[in-house]
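If you read the protein sequences in the order shown, they are chains F and H. All residue numbers for the first sequence refer to the working numbering, where the first residue is 5 and numbers rise by one. All residue numbers for the second sequence refer to the working numbering, where the first residue is 565 and numbers rise by one.
Everything labelled a hint here was simulated from the structure, so no lab data went into it. Check before you lean on any hint, since a few could be wrong.
Unchecked claim - Residues from chain F that face chain H, not an exhaustive set, calculated with beta carbons under 7 Å:
1) 15
2) 24
3) 25
4) 28
5) 30
6) 83
7) 94
8) 95
9) 148
10) 156
11) 224
12) 283
13) 286
What the hints assert, rightly or not - In silico lysine-lysine, BS3-like type, Cα no more than 25 Å apart, as pairs:
14) H:567 - F:77
15) F:141 - F:278
16) F:239 - F:123
17) F:185 - F:101
18) F:14 - H:567
19) H:682 - H:776
20) F:141 - F:123
21) H:682 - H:805
22) H:773 - H:790
23) H:567 - F:81
24) F:10 - H:567
25) F:226 - F:239
Claimed, not checked - These stretches of chain H come out as covered by chain F in the derived footprint (C-beta under 8 Å, 3 or more residues):
26) 578-590
27) 652-666
28) 704-711
Cβ atoms here follow ideal geometry from the backbone N, Cα and C, with glycine treated the same way.
Chain residues, written in single-letter form:
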Amino acid sequence: MLAHVKYAVKYLLGRDQAGNNFTVFPDDTFLVSYPKSGNTWVRFLLANLIYPNETVGFANINRLLPAPGVSSKRFLKNLPRPRILKSHEPFDVRFRKLIYLVRDPRDVVISEYHFDLKKRYIEPDVTLEQFVERFIKGTTSGYGSWWEHTASWIAARHGNPAFLLVRYEDLLSEPVSETGKIAEFLGIQAGPERLQAAVQRSAADRMRKLEKQQADQWTGTKNTRKEIPFVRAAKSGGWKETLPGHCVQEIEIAWAPLFNFLGYPLQTPELDNKTVPAWVRTGQPL
Amino acid sequence: MIKHLMAGIQRGLGLHRPARGLLILPDDIFLVSFPKSGNTWTRFLLANLRFPEQPATFENINRLIPDPEGTAKRDFDRMPRPRIIKSHECFDPRYPRVVYIVRDPRDVVVSQYHYHRKLRKIEDDSPIEKFATRYLAGETCPHGSWGQNVATWLYTSEGSPRFLLLRYEDLLADTARELAKVVAFLNLTAGPELIAQAVERSSADNMRKLEKKQPDKNELMKGSRKDLSFIRAAGSGGWRKDLPAPVAARIEAAWGPLMQHLGYELSSPTPSETSQVPGVRSQENLMARLS
Chain F
5 MLAHVKYAVK YLLGRDQAGN NFTVFPDDTF LVSYPKSGNT WVRFLLANLI YPNETVGFAN
65 INRLLPAPGV SSKRFLKNLP RPRILKSHEP FDVRFRKLIY LVRDPRDVVI SEYHFDLKKR
125 YIEPDVTLEQ FVERFIKGTT SGYGSWWEHT ASWIAARHGN PAFLLVRYED LLSEPVSETG
185 KIAEFLGIQA GPERLQAAVQ RSAADRMRKL EKQQADQWTG TKNTRKEIPF VRAAKSGGWK
245 ETLPGHCVQE IEIAWAPLFN FLGYPLQTPE LDNKTVPAWV RTGQPL
Chain H
565 MIKHLMAGIQ RGLGLHRPAR GLLILPDDIF LVSFPKSGNT WTRFLLANLR FPEQPATFEN
625 INRLIPDPEG TAKRDFDRMP RPRIIKSHEC FDPRYPRVVY IVRDPRDVVV SQYHYHRKLR
685 KIEDDSPIEK FATRYLAGET CPHGSWGQNV ATWLYTSEGS PRFLLLRYED LLADTARELA
745 KVVAFLNLTA GPELIAQAVE RSSADNMRKL EKKQPDKNEL MKGSRKDLSF IRAAGSGGWR
805 KDLPAPVAAR IEAAWGPLMQ HLGYELSSPT PSETSQVPGV RSQENLMARL S
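Extracted from the complex, chain F is given alone in its bound form (with noise of 0.2 Å):
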């Protein structure tokens, strides 16, 4: 009962955690991704990009590229319009333009493994072979499994032009012409000088200094395991190394169709002709 007044009050001041559940603007614009996939690296080179006289860190970027996962509906109401929020959802139909943001499922689960550690999501004791069973279920996530995540996004939206895919392998390798794309498609005039500082200003090394130094102003940081690093290795291809043969080929196996739409080579030649069907896009404007 008391909880049930706590909430009531909470939700008077405008104070509760906003979730999924908060008010969608029609000029809104989205930065979505499955969790690990580079979201807060783009959100750093967004916040540099749009904010090139402020010093982005952890401590103040859930203020510049809010997150509605951990914000007031208070705050998100109060922004200055139009804004660009942060979200892990998989497909949702308020979300009208949107960046949607890829990585390569192999890596985004070795990622993740940390993260889950670091965040005592999971035991220490769990082995990455045991984590990729539960990830290709898609137990690890409250947001599905990546094959829902990615395939509603897809489904729905994949040909319209107010849906903007890159993929973190290009960003990582690319970084000022992605950056230049995603700058283009958010309506900001920047020239190459403005793309090449954001593009340091969030550099890896640099996130990694301010995750030394902010860890505890950052909900993604804050009370986690101080041995494992947020900042992690930040590169693709990882799981070559990393990744036990066997499980590599079960992830293939699962998802060869968005594999192979998505352009990430595999592992198995047999998997190379499963195609996503043309039924399923329906994202086309008419």
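Starting from the known structure of chain F, arrange chain H on it as the hints suggest.
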């Protein structure tokens, strides 16, 4: 401010509608469809199956198989488990088990057009061609377009043991057979007699009678025009007579491959014979060449 205060008090008492804030339990079952696809009929069928001691009506259906948008949180908390919950949402990975009803989008547009007339959302003489344009763009309801709703569920979940796909047309053709599939999927204990009783109690004729008796007992039709009924044809293929051919062709052009995947025959030549789409890379090259 007063409104906000009232909302706060309602929340404290659990009288608000949970909508997206619904706390989902691990044994919940969701009955999902795009609007106007036979959801209310299936709700009656399942309610009559699950609660044979109280025949489903438009008055009690929101309690028996509640709608997060239309039933109070308190009622959700008081329900016997496992709960069966109605939804029109696009894919949601939190739903533990899903019965998904799909219906031919050419019949859906006709049904939704008449429903919107009944609700006075559109003028009586507003042409269906105009409605169809908004329908194709997903602007006639807050649950995406028909294609998005269906494709997000099918591509994420088809083949999963947690997902049962039913076609409205199959339900019409042999209701008892399709209901037996639901019984097996949900591990309900219901023999042929109980199934037959549920079918009888949820027949279109019976539902029409209930609608006449209780026209204002459900938000689906509260305050709507009484000269148009909620339970309309309750048939399939009506689009052949009610839908102008160019509108049917536009729907097929938009969702032809998906309709064929579901076994709905197309009336116009297949829009594109490509059964596969190129990946992102080659797609970009294609776009570059075309522009």
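Now for the hints, and whether the structure bears them out:
The restraint placing residue 15 of chain F at the interface with chain H holds, with a minimum CB-CB distance near 5 Å, inside the 7 Å limit. A least Cβ separation of about 6 Å between residue 24 of chain F and chain H falls short of the 7 Å threshold, and the interface hint therefore holds. Hint on residue 25 of chain F holds. Least Cβ distance to chain H is approximately 4 Å, under the 7 Å limit. With its C-beta approaching chain H no nearer than about 11 Å, residue 28 of chain F sits outside the 7 Å limit, and its interface hint is violated.
Hint on residue 30 of chain F is violated. Least Cβ distance to chain H is approximately 12 Å, over the 7 Å limit. Taking 7 Å as the C-beta cut-off, the interface hint given for residue 83 of chain F is violated, the closest approach to chain H being about 19 Å. A distance limit of 7 Å between C-beta atoms decides the matter here; for residue 94 of chain F the minimum to chain H is near 6 Å, and the interface restraint holds. The restraint placing residue 95 of chain F at the interface with chain H holds, with a minimum CB-CB distance near 5 Å, inside the 7 Å limit.
The beta carbon of residue 148 of chain F comes within 3 Å of a beta carbon in chain H, closer than 7 Å, and the hint placing it at the interface holds. This hint holds: residue 156 of chain F has a C-beta 5 Å from the nearest C-beta of chain H, less than the 7 Å allowed. A distance limit of 7 Å between C-beta atoms decides the matter here; for residue 224 of chain F the minimum to chain H is near 22 Å, and the interface restraint is violated. About 4 Å separates the beta-carbon of residue 283 of chain F from the nearest beta-carbon of chain H, less than 7 Å, and the hint is met.
Given the 7 Å rule on beta carbons, the hint for residue 286 of chain F holds: about 3 Å separates it from the nearest Cβ of chain H. Of the pairs offered as hints, the one joining residue 567 of chain H and residue 77 of chain F holds, with about 17 Å between alpha carbons and a cut-off of 25 Å not exceeded. The suggested pairing of residue 141 of chain F with residue 278 of chain F holds, with an alpha-carbon distance near 20 Å, which does not exceed 25 Å. A distance of roughly 21 Å separates the Cα atoms of residue 239 of chain F and residue 123 of chain F; the hinted pair therefore holds under the 25 Å criterion.
Taking the CA atoms of residue 185 of chain F and residue 101 of chain F, the gap is about 15 Å. The hint holds against a cut of 25 Å. A C-alpha spacing of about 16 Å is found between residue 14 of chain F and residue 567 of chain H, which places the hinted pair at or below 25 Å, so the restraint holds. Distance restraint check for residue 682 of chain H and residue 776 of chain H: the Cα-Cα separation of roughly 15 Å lies within the 25 Å cut-off, and the hinted pair is therefore satisfied. Only pairs whose Cα atoms come within 25 Å are accepted, and residue 141 of chain F paired with residue 123 of chain F is accepted, the gap being roughly 20 Å.
Taken as a hint, the residue 682 of chain H and residue 805 of chain H pair is honoured in the structure, with Cα atoms around 20 Å apart against an allowance of 25 Å. For the given pair, residue 773 of chain H sits about 14 Å from residue 790 of chain H by alpha-carbon distance, which is consistent with the 25 Å threshold. Under the criterion of a C-alpha separation no larger than 25 Å, the hint pairing residue 567 of chain H with residue 81 of chain F is consistent with the structure, at around 17 Å. Note on residue 10 of chain F and residue 567 of chain H: the hinted pairing holds, with a Cα-Cα distance of about 19 Å set against a maximum of 25 Å.
For the suggested pair residue 226 of chain F and residue 239 of chain F, the alpha carbons sit about 24 Å apart, so the restraint of at most 25 Å is met. Counting residues of the segment 578-590 of chain H whose beta carbon lies closer than 8 Å to any beta carbon of chain F gives 4, which meets the minimum of three for the stated coverage. Closer than 8 Å: that is the beta-carbon criterion, and the segment 652-666 of chain H has 5 residues meeting it against chain F, so the requirement of 3 holds. Here's how the segment 704-711 of chain H fares: 5 of its residues keep a CB closer than 8 Å to some CB of chain F, so the rule of at least three is met and the hint holds.
Violation of the numbered hints given earlier is confined to hints 4, 5, 6 and 11; the remaining hints are satisfied by the structure.
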